[in-house]
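Numbering (my numbering), first residue to last: 552 to 623.
Everything labelled a hint here was simulated from the structure, so no lab data went into it.
There's no promise every hint is true.
[What the hints assert, rightly or not] Here are the simulated DSBU-like cross-link-like pairs (lysine-lysine), alpha carbons at most 35 Å apart as the crow flies:
hint	residue 1	residue 2
1	568	614
2	580	614
3	580	562
4	568	580
5	562	614
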Amino acid sequence: MIIRQLQDIRKSDRNVKSNGWESARLLLKDDGMGFSFHVTTMFAGEELHMHYQNHLEAVLVLKGNGTIEDLG
Numbered sequence: 552m553i554i555r556q557l558q559d560i561r562k563s564d565r566n567v568k569s570n571g572w573e574s575a576r577l578l579l580k581d582d583g584m585g586f587s588f589h590v591t592t593m594f595a596g597e598e599l600h601m602h603y604q605n606h607l608e609a610v611l612v613l614k615g616n617g618t619i620e621d622l623g
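Model the full structure from these sequences, guided by the hints.
This is the structure:
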């Protein structure tokens with residue numbers, strides 16, 4: 552079992568920021584769990600084009616609204 556605090560991840564190199572989004576990566580491949588888990592914030596008014604070549608993606612919206620279009 553791995554237990555992590557979001558506020559600790561936000562202060563580490565597992566917190567990644569880019570144009571239009573920020574992602575706290577709580578679990579990554581090197582953690583050996585067989586999946587990754589991220590808390591990602593998409594900034595208001597942005598239109599993002601993301602491509603997941605090597606994995607599946609599941610999305611849970613906790614606040615706000617938006618549109619996701621699967622181009623695959």
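Each hint, compared with the structure:
1. Of the supplied pair hints, the one linking residue 568 and residue 614 holds, its CA atoms being roughly 19 Å apart against a limit of 35 Å.
2. Among the hinted pairs, residue 580 with residue 614 is consistent with the structure: their alpha-carbon atoms are about 27 Å apart, no more than 35 Å.
3. Distance hint between residue 580 and residue 562 is fulfilled; the C-alpha atoms sit about 20 Å from each other, no more than 35 Å.
4. Restraint check for residue 568 and residue 580: satisfied, since their Cα atoms lie roughly 19 Å apart, inside the 35 Å limit.
5. Using a Cα cut-off of 35 Å, the hinted pair residue 562 and residue 614 holds, with the two alpha carbons roughly 22 Å apart.
Checked against the numbered hints given earlier, this structure breaks none of them.
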